[in-house]
Amino acid sequence: MGVKKFIDSVIEFLNLDSFKMLSKKKSIKNLLRQLRNRRAKIYRKLKENADNSKKKKELLEELEIIAIQIKKGKKILDDLDA
Amino acid sequence: MFKKIFLPTILTVVAYGFWISPDFKAISAGVAIFLFGMLSLEEGFKMFSGGMLENILKKSTSNLYKSIAFGTITTTFMQSSSLVSILTISFLSAGLIGLSQGIGIIFGANIGTTTGAWLVAGFGLKVDIQVYAMPMIVFGIILIFQKTKSLKGIGYILAGLGFLFLGIHYMKEGFEAFKNNIDLANFAISGYKGLFIFTGIGIFATVVMQSSHATLVLIITALAAGQITYENALALAIGANIGTTITAIIGSIGSNIQGKRLAGAHLIFNAVTGFIAIIFIYQLVYIVDFISTLVAIEKDDYALKLAVFHTIFNLIGVIVMLPLVNKLVSFLEKILKDKDLQAEEEFVTPNFLNESVLEFPSTSISAITNETLHLYDNAFDIIANALNIKTADITSSMDLKDVTAKPYGKRPLNIDNLYNHKIKNLYGEILDFSTKAQAHMPPQYIEKLYKLKLANRNIVEAVKNMKHLQKNLLKYSNSTNIHIKNQYNSIRKDLAELLRDVNSIAKTDKEDETILLLSKAKIHAQKYDITANGILDNLIREHFITNEMATSLMNDSTYAYNIRKSLIAMSEILFIDDNNDAKEMHQDMVINEDDIQHILEKKGA
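Line order of the protein sequences matches chains Z and U. Position one of the first sequence corresponds to residue 1 (the working numbering), numbered consecutively onward. Position one of the second sequence corresponds to residue 1 (the working numbering), numbered consecutively onward.
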């Protein structure tokens with residue numbers, strides 16, 4: 001038996017694939033939490049900078065990016081769950 | 001130490017002078033008003049720099065003789081060789097003129113400054129200039145309060161001239177009154193001993209007042225009042241000429257090596273001229289007498305004779321030094337070596353590539369990653385410098401508008417040289433090490449290694465594109481055509497913003513921030529490309545730029561776009577947390593082309 005085959009069989013026997021999956025899911029969930037926190041912070045900043053159009057524009061752009069990233073993150077999470 | 005005691009000593013001496021003599025007060029007030037006038041005059045001329053002055057400078061300094069004429073004329077008009085020398089240093093630092101042209105302007109400024117002596121001796125002492133001073137100050141001050149920049153500039157110039165005249169008037173009055181109490185002529189020292197002592201006093205007085213003009217006016221008024229002897233006045237004038245170089249020396253402290261060389265040239269020129277004048281003082285006095293007789297200057301009109309002397313000895317200095325300009329340039333380049341250039345000549349060697357780790361794939365990957373970061377640091381410095389922005393300004397929180405608003409200057413960076421010494425060599429070493437390491441790597445490391453190689457290539461590509469871009473960036477960032485100038489400064493600002501984002505990505509340990517900044521950088525790169533194309537079309541359609549400019553801008557926008565693309569691609573490889581299990585997924589979360597298109601369409605870019 002080759003080394004690779006041996007490692008694969010150990011992974012299968014110990015069910016380490018799901019462990020790897022769990023770790024990835026945890027990582028994505030963590031990232032999504034950070035993104036949501038950032039989104040909340042941006043909303044607060046938007047209120048503070050209501051009169052500053054330049055800053056407002058920047059913050060709105062960040063919000064759009066974060067919205068896309070959260071959407072992508074959720075999709076990745078769904079795929080991992082499926 | 002000297003700096004600490006200098007000011008209190010001067011203040012104490014002046015205060016003591018006020019206490020013992022009211023006439024000294026009048027003379028000092030005259031000098032102070034005169035100096036204030038000069039400051040105001042300088043301020044006025046600065047208002048006109050930034051356009052007209054630069055245009056004239058560029059056209060008028062194409063060769064050494066034109067430079068001398070330019071220096072003479074501008075100093076005659078501005079009545080400040082210091083201002084002309086400071087401006088010359090700034091233009092030299094900006095790479096607009098060469099060192100020999102700069103030296104030419106300084107030579108000219110030395111001739112131009114002699115007109116001040118003529119004005120004071122011929123006009124200031126014979127006419128009641130106070131009559132002209134008052135209205136000039138009043139009109140000047142009214143204009144200073146106007147909002148229009150040109151009117152403000154004229155106001156400063158008028159007020160400046162008014163204060164100069166008023167200062168001369170006070171000095172004149174002070175010396176006249178002083179004469180009745182103390183006769184300074186009693187302290188006159190004859191022969192070479194006196195010559196050297198009074199030259200030293202002249203140097204000292206000019207260093208303190210930072211103006212040879214002020215010293216000269218003081219000398220002429222004192223001479224006219226009979227307070228100093230003619231011989232000592234000549235020595236004082238020689239000293240003033242040497243002392244005036246202090247302004248250029250101070251001005252060059254903040255400048256680059258070219259500015260320092262010019263200040264050195266100024267000092268050498270004035271010191272040599274002064275030395276010649278001292279050695280041949282009796283022959284010069286004879287020539288002055290001869291010329292004075294020719295132009296009908298009265299025998300006892302020592303003030304005008306001093307003006308003649310001042311002109312002649314500066315002219316002789318120029319004539320003697322003119323054939324030696326090239327040698328002077330070589331000498332200064334040899335003595336004042338460019339530290340940046342020396343650093344550019346040194347080959348950068350790898351910091352992390354150690355062949356003993358080649359057999360350990362994970363350690364090899366770490367070594368290559370660290371060396372790639374080293375390569376990136378070098379590239380960052382080169383690109384920032386080529387944009388003529390300090391690396392520290394990019395990594396600071398300073399507004400980028402202010403960072404890039406500083407005029408494009410400095411000696412053009414030799415990117416070819418830097419590329420060979422700081423990039424190519426290191427890149428070669430990384431590739432060599434990677435090839436050797438690859439032989440010991442199992443398949444799961446190969447992809448990582450491939451990506452690192454890609455990141456290295458991106459860094460090299462970014463520097464190469466910067467090399468192409470730099471040529472026109474230097475040319476057009478100082479263009480008189482405001483449209484092309486704005487476009488190139490916009491490229492600078494945009495790339496500076498990208499460098500700042502990349503630096504933040506490199507520094508942060510927050511995953512969400514990394515992804516957000518990378519996404520932003522991608523959007524901005526695309527947005528800039530679209531906007532730049534739109535602006536370019538408009539500039540061509542409206543004939544705001546020439547065909548040559550349009551071609552350059554089109555090519556350079558592509559180079560700038562490639563730099564952005566390369567740096568973003570490198571960041572995606574290097575700065576997304578490598579130890580994270582979900583690294584690939586994080587890369588998937590950075591927005592793609594479709595997302596960018598979606599966001600830009602929404603914005604209507």
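I should point out that these hints are in silico values taken from the structure, not numbers from a laboratory. Treat the hints with care, as some may be off.
[As the list claims (entries may be wrong)] BS3-like, lysine-lysine: derived pairs with alpha carbons at most 30 Å apart: (1) U:451 with Z:54; (2) Z:56 with U:451; (3) Z:75 with U:510; (4) Z:57 with U:46; (5) Z:56 with U:493; (6) U:46 with U:485; (7) Z:25 with U:507; (8) Z:29 with U:147; (9) U:602 with Z:29; (10) U:602 with Z:45.
Results for each hint:
With a C-alpha separation of about 37 Å, the suggested pair residue 451 of chain U and residue 54 of chain Z falls outside the 30 Å cut-off, and the hint is violated. About 37 Å separates the Cα atoms of residue 56 of chain Z and residue 451 of chain U, which puts this hinted pair outside 30 Å; it is violated. The straight-line distance between the Cα atoms of residue 75 of chain Z and residue 510 of chain U is roughly 21 Å, inside the 30 Å bound, and the hint therefore holds. Restraint check for residue 57 of chain Z and residue 46 of chain U: not satisfied, since their Cα atoms lie roughly 37 Å apart, outside the 30 Å limit.
Between residue 56 of chain Z and residue 493 of chain U the alpha-carbon distance is near 20 Å, which keeps this suggested pair within the 30 Å criterion. For a cut-off of 30 Å, the pair hint linking residue 46 of chain U to residue 485 of chain U stands: about 21 Å separates their Cα positions. Simply put, residue 25 of chain Z and residue 507 of chain U have alpha-carbon atoms about 25 Å apart, close enough for the 30 Å limit, and the pair holds. A C-alpha spacing of about 59 Å is found between residue 29 of chain Z and residue 147 of chain U, which places the hinted pair above 30 Å, so the restraint is violated.
A distance of roughly 29 Å separates the Cα atoms of residue 602 of chain U and residue 29 of chain Z; the hinted pair therefore holds under the 30 Å criterion. The suggested pairing of residue 602 of chain U with residue 45 of chain Z holds, with an alpha-carbon distance near 22 Å, which does not exceed 30 Å.
Hints 1, 2, 4 and 8 from the list above are not met by this structure, while the remaining hints are.
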